[in-house]
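K.L.:
Residue numbers (my numbering), protein chains in the order written: chain Y, 245 to 637; chain H, 245 to 637.
A hint or two may mislead.
Reference listing, derived: stretches of chain H covered by chain Y, where coverage requires no fewer than 3 residues with Cβ under 8 Å from a Cβ of chain Y [what the hints assert, rightly or not]:
| no. | region |
| --- | --- |
| 1 | 277 to 288 |
| 2 | 423 to 437 |
| 3 | 531 to 545 |
| 4 | 559 to 572 |
Chain Y residues, not near chain H, derived (Cβ > 12 Å throughout) [what the hints assert, rightly or not]:
| no. | residue |
| --- | --- |
| 5 | Thr251 |
| 6 | Gly315 |
| 7 | Ile319 |
| 8 | Ala421 |
| 9 | Glu446 |
| 10 | Trp474 |
| 11 | Tyr530 |
| 12 | Thr542 |
| 13 | Leu567 |
| 14 | Glu571 |
| 15 | Glu572 |
| 16 | Phe610 |
| 17 | Ser618 |
| 18 | Gln625 |
Rough simulated footprint, nothing fancy, chain H against chain Y, three-plus residues with beta-carbon under 8 Å [to be verified]:
| no. | region |
| --- | --- |
| 19 | 281 to 288 |
| 20 | 325 to 331 |
| 21 | 551 to 564 |
| 22 | 574 to 587 |
Please keep in mind that the hints were generated in silico from the structure rather than gathered at the bench.
Backbone N, C-alpha and C define an ideal beta-carbon position, used for all residues, glycine too.
There are 2 protein chains.
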Amino acid sequence: MPPFTFTIEAECHNTWARTGTIQTPHGTIQTPIFMPVGTQASVKSVSPEELRGVGAEIILANTYHLMLRPGSSLIASFGGLHSFMHWDGPILTDSGGFQVWSLGHLRKLNEDGVTFKSHLDGSLHTLTPERVMEIEAELGADIILPLDICAPYPYSAAAARSAMENTHPWEERALRAKERHRPEQTLFGIVQGAFEPDLRRESARTVGVLPFQGLSIGGLSVGEPKAIMWEMLKHVTPELPRYKPRHLLGVGSPEDFVIGAGLGMDMFDCVLPTRVARHGGLFTRYGRVNIRSAHFRTVQGPIEEGCDCYTCQHYSAGYVHHLLRAEEQLYSRLGTIHNIRFMLRLAEELRAAILANTYPAFRDEFLARYIPASEETRETQREKWKSARTRQS
Amino acid sequence: MPPFTFTIEAECHNTWARTGTIQTPHGTIQTPIFMPVGTQASVKSVSPEELRGVGAEIILANTYHLMLRPGSSLIASFGGLHSFMHWDGPILTDSGGFQVWSLGHLRKLNEDGVTFKSHLDGSLHTLTPERVMEIEAELGADIILPLDICAPYPYSAAAARSAMENTHPWEERALRAKERHRPEQTLFGIVQGAFEPDLRRESARTVGVLPFQGLSIGGLSVGEPKAIMWEMLKHVTPELPRYKPRHLLGVGSPEDFVIGAGLGMDMFDCVLPTRVARHGGLFTRYGRVNIRSAHFRTVQGPIEEGCDCYTCQHYSAGYVHHLLRAEEQLYSRLGTIHNIRFMLRLAEELRAAILANTYPAFRDEFLARYIPASEETRETQREKWKSARTRQS
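With the rest of the complex left out, here is chain Y (with noise of 0.2 Å):
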């Protein structure tokens, strides 16, 4: 079983951008790297196979929803989840802790744990910093996450330092107890901090020396201005020790990825992409296009010219169009292997400029000619998904 690694081939002379290798048991990761999402062991619409066609090269599950569904140690006496959802390579998975607060219910947090109703069917359960530790154990990925407190947007102060204090002594347990469990995972800290300078900082230094070989920026993206979730990493980044992979948990859009890889960030990983796509949410290097819209209704070229996906190899933009209107299951197969492999080309890319040392023109570049999502846009998906959101992430 080879050991968990970090090397760091190139660093940009002018912004935080590296690009690096991680070794992990089931694999090699070069960063940064996207992860698409794979919340309940299945990466919406898409198989194994295809996944490691659009060239993912980890994935992330989640570990509150595997825990209420079908369970940890089911999962476990399948072998764990790289065989129990037949994918041979890297898994991370998250603690739980995030969705504890978006999705259960009724959360009643002690210095011991916290204990929420399921969103599913309403049973309660408790998490304790040792309790994931035992979880992620039967889940079996490569890389686990520690219980955190995540604080929503907008947060009091005294509220986010609260959360940040009582966080960082369940970490310290979290690394005390996994170490009853399998030495071949690796456990990643998370930086919490909510949007606060100060605490983001001491978080970071905090966190940032303790033994775990990987950190996770958390308590970002949780519904924010863009611009204080990049302000906050301008406070972190610097902090962090330069040898351990950095973590961008929940991010994001491809406008967000070019730019959190030149705040020093190595991995990634979102649900937009995946989900944006069901909705008909397609990328293309000026934006995001509604492959809904009647204006492709007529088209026989590709989503878009030059793609190298899958998709847009063998079927033209009309006929994605055409099963986005029938409501045929084939649409969101097409669509999300469209914009997951343009998100990992988008790493490839992004990994080329910084070995390079052209990231910072990449990255110009890239936002010159991309028009992100608006914030109306956003907050519009946003309430949208809210209300599906009980049933499923």
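Using the hints, position chain H against chain Y.
P.N.:
Only chain H this time, still in chain Y's reference frame:
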């Protein structure tokens, strides 16, 4: 462009079963064959590559659905159905007749044709035998069917005769109209006659001698007990020319496929294998199982031991069960692949048995082992599907 040919390779000595080869412009079909249904230019939830992978040799698409959305002239502008949907194998399009009767609203029938309101948007459409030939030429399938009047069940003998007597002249008009279109397309005739043995024999004799290159048996499997369907075939098959392929429209289940082959049928199509799959009903040699059942939660083996489909080769029944329970789209794909592979493996087995002149024993062993869904289960399903039917078949 190779012409349409049908060669019989072997005939059972004790039944009417036969095995042969059909040549079409898009490839060869071995009979007896099951044709997966791609109603809206997509076999629900599977890709063309997956269809090839399970051994599909020809698929069916629905003229009624495609003329309404996205429209046959649009499909023609994309180079026809094959190119539109990225399937380069043979395609058969039905005439739309059955759906006009089962899905359309406010139908008005006269000698010339039928006018109906679209189930999608209420728009008015008129189909005549000539117009259907035009639409099917635009769709560009290898095998096409003429407009017919499908008598529902139950139906008075007088009404059945009138429907049949209206259909026959329409078929002759279709033959003449087809001359104006694409010579590489092959027109089959349709035998009607509802549930009247005399009418069935008369229709088979009348349509059998017209210059069609194959014959579809319509108006069966519309809600009648199966025994009645088989009785009708016993009247029809002896009246049909031996050298033309025979297509049993809209049939059926695994047991129907096995029995129908013995009654001289060569081609079968039905949404049942794909539709029941999406609802959790998966075929095994012992009958249909419901993968949603709690029993499968912990099953680490495949859906069926020994099954050579992608699903059974790579996933446990427990994982497939989880995907269905968690409402993951990947479930529909895995279940559909399993059921279509079951039908096409059954086709291979039927052909081998007919070649070896062991069809009767094969049929009897299959039927002794395979427990079909009860009439009650089938009735419940029909009711459930009927409510969804006005949206999509």
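K.L.:
Using C-beta distances, would you say chain Y covers the region 277 to 288 of chain H, given that this needs three or more residues below 8 Å?
P.N.:
holds (count 4)
K.L.:
Using Cβ atoms and 12 Å as the threshold, tell me whether Gly315 (chain Y) really stays out of contact range of chain H.
P.N.:
At roughly 9 Å from the nearest Cβ of chain H, Gly315 (chain Y) sits no farther out than 12 Å, so the non-interface label is violated.
K.L.:
Test coverage of the region 325 to 331 of chain Y by chain H using CB-CB distances below 8 Å; three residues minimum.
P.N.:
holds (count 3)
K.L.:
Minimum C-beta separation from Tyr530 (chain Y) to chain H exceeding 12 Å: can you confirm that?
P.N.:
The assertion about Tyr530 (chain Y) holds, with a minimum of 24 Å to chain H.
K.L.:
For the region 574 to 587 of chain Y, do three or more residues have a beta carbon lying closer than 8 Å to a beta carbon of chain H?
P.N.:
holds (count 3)
K.L.:
Examine each Cβ of chain H, and state whether all of them lie more than 12 Å from the Cβ of Phe610 (chain Y).
P.N.:
About 31 Å separates Phe610 (chain Y) from the closest Cβ of chain H, which puts it past 12 Å; holds.
K.L.:
Apply the coverage criterion to the region 531 to 545 of chain H and chain Y: a residue qualifies when its Cβ sits closer than 8 Å to a Cβ of the chain, and three qualifying residues are needed.
P.N.:
holds (count 3)
K.L.:
Is the Cβ of Glu572 (chain Y) farther than 12 Å from every Cβ of chain H?
P.N.:
The assertion about Glu572 (chain Y) is violated, with a minimum of 5 Å to chain H.
K.L.:
Examine the region 559 to 572 of chain H: at least three residues should have C-beta closer than 8 Å to a C-beta of chain Y.
P.N.:
holds (count 10)
K.L.:
Would you say Ala421 (chain Y) is clear of chain H, with no C-beta pair closer than or equal to 12 Å?
P.N.:
holds (27 Å)
K.L.:
Test coverage of the region 281 to 288 of chain Y by chain H using CB-CB distances below 8 Å; three residues minimum.
P.N.:
Holds: 4 residues of the region 281 to 288 of chain Y have a Cβ under 8 Å from chain H.
K.L.:
The output says Thr251 (chain Y) does not contact chain H. Does that hold with a beta carbon cutoff of 12 Å?
P.N.:
holds (33 Å)
Violation of the numbered hints given earlier is confined to hints 2, 6, 7, 12, 13, 14, 15; the remaining hints are satisfied by the structure.
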